[in-house]
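> Each chain is listed here by its residues.
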Amino acid sequence: MDALLHQVLAGLATGGIYASLALALVMIYHATHLVNFAQGEMAMFTTYIAWSLINAGMPYWPAFLLTVGIAFILGIFIERIVIRPVENAPVLGVVVVFIGLLVILNSVAGWIYTYTIKSFPSPFPPQPVLGIHYLSAHELGAIGVTLAVLALLYAFFRFTPLGLAMRAAAQNPESSRLVGIRVGWMLALGWGLAAAVGAVAGMMVAPIVYLDPNMMGGILLYAFAAALLGGIDSPGGAVLGGFAVGVLENVLGAFVIGNELKLAVALVLIVGVLLVKPSGFFGRVYVTRV
Amino acid sequence: MLLEVSGLHAAYGATRVLHGIDFGLEPGSITALLGANGAGKTTTLRAICAMVEVRGEIRFGGERIDGRSTEDIARLGIAHVPDGRGTFLNLTTEENLRLGAYTRKDRVAVAADLERVYGYFPRLKERRAQQAGTLSGGEQQMLAVSRALMLAPKLMLLDEPSFGLAPLLVRELFEILRAINARERVAMLLVEQNAAMALDLADRAYLIETGRVALAGAADELKRDDGVRHAYLGY
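Residue numbers (our numbering), protein chains in the order written: chain U, 12 to 301; chain D, 1186 to 1420.
Note that these hints are calculated values from the structure, not bench results.
Wrong hints could be hidden among the right ones.
Taking beta-carbon pairs under 7 Å as the criterion, some of the chain D residues facing chain U (in silico) [unchecked claim]:
hint, residue
1, Tyr-1197
2, Gly-1271
3, Glu-1280
4, Tyr-1287
Fair warning: this is a prediction, and the values are worked out from it, not measured in the lab.
Just so it is clear, CB atoms sit at the ideal spot from N, CA and C, and this is done for glycine as well.
Chain D on its own, in the form it takes in the complex (with noise of 0.2 Å):
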């Protein structure tokens, strides 16, 4: 296992949100966690990467992270697509993507690393020197992700990245996602509204209902399962 949580419990001040979750996240693969809004799924990503007070056992790679702070995870190699992108919005594209390779020490990797992530995503190299407040809703989703691969990381964890685009934008941009998947070997956790693409995107699925894992199982058998079809497919 990459990613073992386990008992998770997380609250904002009095406000408790998550109430002893358990997953898990094989290197290399993808899981989605699907659910309504306020399930939880935002706070179990944020809980990851200690931006919320915890309870519970997290484990990456085998060693306990939960208790260290934010910038000590992301240097274990978890790079965090946040909620609302995190764009530098004063920063060039590239300054936000250089950022993301703050921790790495090796300058000809990052360089080539550079060079792949504007393959993926050809519009970022055309507005390399554009202020990134400037680029489209889309070009930010495209820049959050590209500066959490320039971590070179282990684990993405990607917070709806489909909000807000426009439906061909999601699908092409959930094609680079498993391109990048299968290429990197970049395990993914993946949280999303869009439950139909992101059961077809993922290899295991949570369903996530007010704090606590409702489901479990394969994305397959989960597409198929009434509950979720009537619920969260719409058919």
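Bound-form chain U, shown alone (with noise of 0.2 Å):
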């Protein structure tokens, strides 16, 4: 029972960071129409960013904050220079864009900082807190990160007059340029926030998986398998596939398949939602007269 215990609470604080990553799948896909392949390079880039800072000496949260600044400046970057020519392109073309956008900042990573696996800071204590022992420190501070960058989100889009407009450019580009939301923009801001999340995504798995050019792969794998569990298309539904997926992964592996096949259950739940139902549990069906 305790080890049970012990896998989901353990499941949970991964599948925050899962949640995270999904989340901003599902940012770009709203904007796009597209999954973005890449976005978990993009993550894996600016936390090597975030360990050039702390080992230039930069204390650990200011370096996070100004990696956070950083990547959302890189994310409205490559929407404006790599994404924006081919906004009207055909799917396959956008698709092979975004895969050249992977193997790019894969191997400039790789021959910036070579190949070598790197330890990566935690900011929270390595002995467990408050008396819980199921989780380690760090594991319980992901989870409340996980859970800041979320709420935040969600205050920005609900309540904000930005996070309004943005909601709407993605929703209806017409309408939008007709009340003189700039549209072009919105979508660019869109990348920037995905880049900002996905960044803190990629701190916080990295002191559990360590830095290397290849860490996001599995874990951008999880992350589409929780978007798709939730319904590409729902922000709420990414989340708590984030979080099942996290503990399903994490329960699967430990007593049922093994650690080996893990990755596998990722697979299985892409091909599951695909085949049982597309729109996932919260994600909307689209029905298209003919």
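The task is to assemble the complex, starting from two chains supplied on their own in separate frames and drawing on the hints.
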């Protein structure tokens, strides 16, 4: 029983990270109706930036915030420079651009930082806190940081005029232009926010999986599964999906199929959801008249 | 002249729709564009808002606006109630209205305008927290007009506001448009299939046939014109 509880709680910790990345995927999906395959590599790259800052002597939290800011600007740059020119290109063209972005970021990170695995510091104490022995302080902290990010995003989209305009621009670009919203900038801002959220996910997961250019591969797969499970167009669904996938992966890995086959859980989930309920649990079902 | 259009050409790709249209609009006046389906009325409105490729000259308050972006034109004070209503379906009624005022910075005035719009359309106030996609067609049309009003525009472009509405509702909507025009001094450019209603509301009217202005004049004159009567008023 104790072991199960431990696995469930640890699953929630990694699940929060999947949830963040899944949310980043959903944000891009809302704006472009495509899944950004490079989301994980963007997170990885910004985590390296954080590593550089910390190694240069900057304290953790300032480095954390600066990295989030850099990621935001990087996301905007990527949208303006790489994604904008292919705005009206066919789907496959854009997918190829995403994959190209993935490979480039991966290679550049490998070129600058080499492929040797590095450890990444956690801002939380090494020993368990608050008398909770089921979770390490880092896992608990990661859950807290994730929830804080999610709450901030929710408040931003729900209560600020800019958040409202971003939702409007993703939903109905033409009407948005007619009320004076600069739709192109809203999309760029969406990329910036997604990159910032991804950066937080990267910094939270790096102390667990260690830092290397391929660290996000598996995590992005889990985030895909999470986003699909919740419904690729539902932010709330993606978050719940993230936690669900985290717990499922951990519990199944520990007790049923073993750690070696853990990643298969994500693949089975992806295929299963697509076969049984393609719109996910909270997604919208689109009906098209032909 | 608030709006001056001269030599306006427009095309969707290779299909040319407007072949040199000229017309104008005085501040605070209502002008109707009449014509059959496919004559180019909707395209004319879209051309003013830079939603199609155009050639020719469009002046708003004396300033050239052709070549500027849709967003910039909206910011100048031209509010477009588009064909199909352009509702933000997944947002609430009130969020739709707030988006209408997105470019305005004066929060107090926006709040006052929100109440004023609810005064014109009390139904929308009842449904303020409801998802706009669940509103009826008539309510969505009211919402589209209200969203345009929230911009505090100098000119409203209305694309078939009567489309799909029950006759009683059309009459009600046109009464409200008349009241808005009188009270807010908003000029209106109205595209309508319902020529009788449009000519009742408008000061001036232009008859558009296959992308050209076929006839122009005061609304009263056009109402008496034999050709217009036979073809568009049905008596």
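> Hint by hint, say whether it matches the structure.
Hints and how they fare:
1. Evaluation of the D/Tyr-1197 hint against chain U yields a violated restraint, the C-beta minimum of about 15 Å exceeding 7 Å.
2. Proximity of D/Gly-1271 to chain U holds as hinted, the smallest CB-CB distance being about 4 Å (cut-off 7 Å).
3. Look at D/Glu-1280: its Cβ gets to within about 6 Å of chain U, closer than 7 Å, so that hint holds up.
4. Below 7 Å, beta-carbon pairs count as interface contacts, and D/Tyr-1287 has one with chain U at about 5 Å; its hint therefore holds.
Going down the numbered hints, you'll see the structure goes against just number 1.
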